[in-house]
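This is what each chain is made of:
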Amino acid sequence: MSNRLKPVPRAGAADPLDIAIRNKAFRGADGGLLEAIDDVAFTVPAGSFTTLIGPSGCGKTTTLRIVLGLDTEFEGHVRLPGATPRIAAVFQEPRLLPWRTVEENVRLALPPELEGADLSDLFAILGLDTMRSRFPGELSLGLARRAALARAFAVEPSLILLDEPFVSLDEMTASRLRTLLTTVWSARPTTALMVTHNQREAVELSDRIVFLTPRPATVHGIHEITTPRPARDAAWRERELAELDRLFPGVL
Amino acid sequence: MSNRLKPVPRAGAADPLDIAIRNKAFRGADGGLLEAIDDVAFTVPAGSFTTLIGPSGCGKTTTLRIVLGLDTEFEGHVRLPGATPRIAAVFQEPRLLPWRTVEENVRLALPPELEGADLSDLFAILGLDTMRSRFPGELSLGLARRAALARAFAVEPSLILLDEPFVSLDEMTASRLRTLLTTVWSARPTTALMVTHNQREAVELSDRIVFLTPRPATVHGIHEITTPRPARDAAWRERELAELDRLFPGVL
Amino acid sequence: AQQPAALETLRVGILQYGTVNWELDAMTRNGIDVRHGVDVELVPFAGEDPSNVALQAGAVDMIVSDWLWVSRQRAAGADFTFAPYSTSVGSIMVPGDSRMEALADLRGRTLGVAGGPLDKNWLLIQALAKRDGLDIAAENEIVYGAPPLLTAKAESGELDAVLNYWHYAARLEAQGFRTLISGTEAAMAMGTAGPVAAIGWVFRDSFAEDHPKAIEAFLAADAETKTLLRDSDEEWVKLAPLVKAENEKTLATLRDRYREGIPTRSAEDEIADTRALYRLLAEIGGERLVGPSPELVEGTYFTGRKNGA
Amino acid sequence: MALDAAAAGPGRAENRALPSLIVILSLAVLLAVWWVAASLADSRVLPSPAAVAAAFWRDALTGELFFHLGMTLFRVAASFLLAMVFGSIIGVALGMSRQANRFFDPWLILFLNIPALVVIVLAYIWFGLNEIAAIGAIAVNKIPNVVVTMREGARALDRQLAEMASVYRFGRMKTLRHVIIPQLQPYLAASSRSGLSLIWKIALVVELLGRSNGVGFQIHLYFQLFDVASILAYTLAFVAVMLMIEFLLVQPLEARATRWRR
Amino acid sequence: MALDAAAAGPGRAENRALPSLIVILSLAVLLAVWWVAASLADSRVLPSPAAVAAAFWRDALTGELFFHLGMTLFRVAASFLLAMVFGSIIGVALGMSRQANRFFDPWLILFLNIPALVVIVLAYIWFGLNEIAAIGAIAVNKIPNVVVTMREGARALDRQLAEMASVYRFGRMKTLRHVIIPQLQPYLAASSRSGLSLIWKIALVVELLGRSNGVGFQIHLYFQLFDVASILAYTLAFVAVMLMIEFLLVQPLEARATRWRR
Ligand SMILES: Nc1ncnc2c1ncn2[C@@H]1O[C@H](COP(=O)(O)OP(=O)(O)OP(=O)(O)O)[C@@H](O)[C@H]1O
Ligand SMILES: Nc1ncnc2c1ncn2[C@@H]1O[C@H](COP(=O)(O)OP(=O)(O)OP(=O)(O)O)[C@@H](O)[C@H]1O
Ligand SMILES: [Mg+2]
Ligand SMILES: [Mg+2]
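Protein sequence lines, in the order shown, are assigned to chains A, B, C, D and E. Residue numbering for the first sequence follows the numbering used here, starting at 16 and increasing by one per position. Residue numbering for the second sequence follows the numbering used here, starting at 16 and increasing by one per position. Residue numbering for the third sequence follows the numbering used here, starting at 14 and increasing by one per position. Residue numbering for the fourth sequence follows the numbering used here, starting at 10 and increasing by one per position. Residue numbering for the fifth sequence follows the numbering used here, starting at 10 and increasing by one per position.
Keep in mind that a hint or two might mislead.
Said to hold, decoys possible - Computed cross-link-like contacts, EDC-like style, restricted to lysine to aspartate or glutamate with a CA-CA straight-line distance of at most 20 Å: (1) 257/C with 236/E; (2) 143/C with 198/C; (3) 183/E with 136/A; (4) 183/E with 130/A.
Think of the hints as simulated: they come from the structure by calculation, not from any bench.
The shape of chain A in the complex, shown without the other chains (with noise of 0.2 Å):
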């Protein structure tokens, strides 16, 4: 795990994430049609880190599943950065298999070439060395999404997709995780869509962040973020947020 956290140059100029849903309306079981997506098109620079903000219900997790190719029934287009990227995600909820232990859910994703890997530092990180051997069954919820964390961070993604991933944890857990999101992040070529609820969370991690309006969605904004990170203080993320404010009035 070491050596594979440390920061390597980011990669040239490999494809974006490219998104353009032009429409996306789902049937309910009572048949009537609900339009959860309207318009949201943006792209994703190769290796940058995008966030997207946006009120409950407003259609963010069915775009992360749009582009996760869990759904194809919507009109628009999305391209991948790269022919095949190595994928992962963190979805809302755990998803864990109930039936395998904590290390065995991890293992289970891993890609061949990683197969066998040394897992230890992780789970030392994420503060699951304890629970290696347990069944999801036997987590708090919080340990089950750290879990989840560390199934997507073990497969050392191109593309890595995380919905609300820090949610359920108590602020020094969340902020040492969203450390180690930082360092797998720039630890190689990696392209990351968050979706977030929590603004700071939103500007400490992001390059950029795209603001949707409610249900059915269209893209509000986007706000470029070019600050480096090392120097993203206390102060300067007073100041972004009291900007973004200004910005889009009414999300916080």
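Please arrange chains B, C, D and E with the ligands on chain A, whose structure you already have, making use of the hints.
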């Protein structure tokens, strides 16, 4: 609904919720013992609002489960306020019946005397009006959590337990729902015990905050908030948070 | 005086504890088959229908069945043929202390019938009763069922009378039941000259053509075995384990009834009576029973023995 | 492994008229396969659809077929009801209580494996050659199978929902109706579908051994005559009833009950 | 409705030795009930345990019982394997594809409801009176039941986990082994338990109709003689084997497979 939300004077000297868990251990599927709670004892005065804060996996949910009578294998005792309080719980997951619509899910929880109550206002405040006849599988996680909140509020409980009720919600929705919670809680004599990782939320809502240590949980400290709720403005909040950080360093 | 190497094998499908097994056991045990130039191989089955299936599936060369079945199958295109084996048929049995004496006394009673509504004896008895102005099927409660079950029910008294196959009837007789009327009596009352061999050895014409010697030897061996079993009580003692009689009396009854059933009449008489009986049955049972042919289908009776001789 | 996402997604609306078309197509193909097989086999043992239809008409015109079919359906329905009710109750009870299950498991295995013949004969002997014995015997044969399936269903029940129900004081009936039974639905569906067919097969034996009417009685009669066409005519008459129940009753009900599944 | 929380919670450790005790107790109670009933009935039809034991010894000493039992077990095992493999594959396929299910559902109902007798006779006539026909006929009788159960299982599969598996590129084998089969476990358990018993019952008929050995053959012989004691002796010999399989093989395996359930 409208008149149900009107504040009435706090009730007289009802019993407090008295929690004294001397030990709680789980036997894992691998046979090993895991000590979840070492010693967690505190009271929640009748009609008060108490918040439980502690690191992820420390035993908060376990404590709530014991209070709810869902886990009886522990050392110690729990005394509920009143002989048969009407209990409502917001679990850490929505726990809706997937085969019943949102409205059916809420109505099924209603006690006989509230059957047929008009729930339109409640659904409106929670932003669920268009979702009443949909199934949980068609909701976003945030909407499902709101449905679970609707269920808890609709039963007009005299004891309410909430396990991280406002995660997966955007800040605007969350703060609207916090206001709703305060209204429901103060509308009639209600004893409330909430788990959260969000300290702002805790200082905004609580009469007292109980801090727990990492697993096995013990009570780290109890902080009383005497400032009346209307006087709790942004400035007061920042001061209070700083004070908490001083008293319980390392929590935030 | 025979070369064992030249012995032809004949596979006969039998009911393990059926009456045919007794005869074939005596035959093979005493080497009668070999002496006549055929090696009989017994293929046991647990029921009647299975041996039918076995014959059709080609798993055995010969079974025991009745000419009605043979005629019907021939009409449908099969080439089965029939050689008489026994005249024993079922009887209506009533408890020894029953007041019933004649068919007419059955009126309003509960009667168990083994073999179902198309059983020959049952049809004959009904025809006979109808001639005397009694509609048994309509005026009685009829219970069709499995033979052992009906026997048990007759013993327990739930049934007033039971029409059952001859060996079940014999066992009942040994327990003090008596015959109200037998199928043979009914047939004779309806016009046959003597007891007709209703069941017989059934095999394919084609088999008989390919193995004339085997069939001939087998039928000769069978005749000799029947003589042996008719004359020797000792043989029956040896058969006791197969007969599974509960006691001496049952064994004796079964032995006596078996002996009564050995066909004694000439082939011509048999065929003539069978034709008559067939016509009668075709009349009572209709097409349901006999199939499309109004007459006993030509070739039902095996005549190869004479032709070959 | 996309779990048929496409078929379950939108586009469901146009499919409304399709199902009956597909069913008809399916039956037509089946008939064609049978017809070809029958002409290839050209044996009495596999009669052609025409021969079976002729046999059907013969017994249908006399009304005989409907009488026997009716008797069998009555027995099947009565014992099905008995078996499902008792089987479900026992099964859920065993699935929920580890202790009870430990004790009764050997009994269950015993009753599962007692041959139908034994039960039927004992029932006839003890209770007489009557309907009650017949229906009871069928039910007793089937109950252990229902128990086994429902026990698995009860074991797989979601504990979280049960906890929710207990916190909100659902009470027994509400919990059963809204929490437990919907979860048992797939198990109920499986055990009632395969249950109906098992019960009908046992009914055939019951009728063979000691009843004087019913499809089993007729089938055995025709078996003695080796009239496969008539056997199939009766069989298919029963199958037709089952198909009708499936498509007019079970599937619409099931579609309603599983509407919530995405 | 506490879902047996107490029994499933701690305290499991002390119970380790208890199960075998309970099983023994259970069997003892069963034996006692039988004995009392037999002495009350006092009829040939319900023989006492002693009479059955005597019948057992009689045929056991000659080795006959073990021969027939062995033959039946062989047939049961072979057709069980066939039926479970094909039934599961077809069932899961139908459960996953709405279109295929629509088309084949009528076929399934037909095959579910074809009497065992018909299938067995056809098999014997076409393939001869041999083991292959016998085993095939049993399997064909059972497959539709397995299909019906596994289809429900496949319908109830968790879509979320399937999505997770597809995102992480589990591939077919991994998905099957780690995602699908664990979810199908209760359905597999139900259909194999009730399946074994059904197969054995069909085996009895198959042996009756065209085999010269096996428990079914013996039972019918003894039925002709109305020797219930011997029928029960053979039945119980088979049940004993099933009990052994259940307690020495199935339950330990199942306990391992469901360890994760709280
Ligand atoms: N059924 C169980 N079996 C075994 N261990 C359990 C079980 N339930 C909880 N635990 C363990 O008990 C500890 C406390 O769990 P609990 O769910 O109470 O944590 P929590 O404080 O609610 O955490 P979070 O904030 O992550 O929800 C955890 O370490 C968890 O792994
Ligand atoms: N399978 C479905 N069938 C019908 N409607 C659906 C389905 N999935 C989602 N929806 C609806 O689509 C809308 C967007 O859902 P989505 O899950 O994308 O929201 P979200 O932005 O992720 O919200 P949250 O922050 O609460 O998770 C919601 O109104 C939801 O009810
Ligand atoms: Mg979402
Ligand atoms: Mg928790």
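Outcome of the hint check:
For the hint linking residue 257/C to residue 236/E, the alpha-carbon distance of about 10 Å falls within 20 Å, and the restraint holds. For the hint linking residue 143/C to residue 198/C, the alpha-carbon distance of about 15 Å falls within 20 Å, and the restraint holds. For the hint pairing residue 183/E with residue 136/A, the CA-to-CA distance comes to about 26 Å; that exceeds 20 Å, so the pair is violated. A C-alpha spacing of about 14 Å is found between residue 183/E and residue 130/A, which places the hinted pair at or below 20 Å, so the restraint holds.
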